[in-house]
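Enquirer: Sequence:
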Amino acid sequence: MSNVTPFHIAIPVHNLAECRIFYRDILNCEEGRSSDHWVDFNLFGHQLVIHYKPKNETADLHHNPVDGHDVPVPHYGVVLPWETFESFSEELKTKGVQFIIEPYIRFKGKSGEQATMFFKDPAGNALEFKAFKDMGQLFAK
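The opening position of the sequence shown corresponds to residue 0 in numbering that gives the first Met the number 0, with each subsequent residue numbered one higher.
If a hint is listed, it holds; no wrong ones were tucked in.
In the BS3-like style, the derived pairs of lysine-lysine whose C-alpha atoms are separated by at most 30 Å in a straight line are:
(1) K94 <-> K52
(2) K119 <-> K109
(3) K109 <-> K129
(4) K109 <-> K132
(5) K92 <-> K132
Please keep in mind that the hints were generated in silico from the structure rather than gathered at the bench. Since we're looking at a predicted model, the values are computed, not measured.
Modelling step: build the complete structure from the supplied sequences, incorporating the hints.
Expert: Here it is in structure tokens:
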């Protein structure tokens, strides 16, 4: 793990078993502690906890326009090293992950150049994984 302080995020899922398989087998997250209602995962060095919550049929995902794409709100994810993003996105493609926004490069050749992709977990939670060509540009204006 790097010198970055790990974050903790807890997300609701309506099918604990299906999401457990997704995070463990599709995203390759190491599983930690668990109970009948929650499971801890190591998401690239950060603690992700999926918590059972009954499905809400009326909950709609909002979108904001960014670079001609409809970015889902809310979403969560991790900023990865560039090479890790490249291999991870290829692995997700081979596993048949359905992308909301296919992996692509934003601001190519400019300040803040980044790779990004969006997809959903089986509970409908939107995930974004991104990487910066120069990590020093993470908070550049």
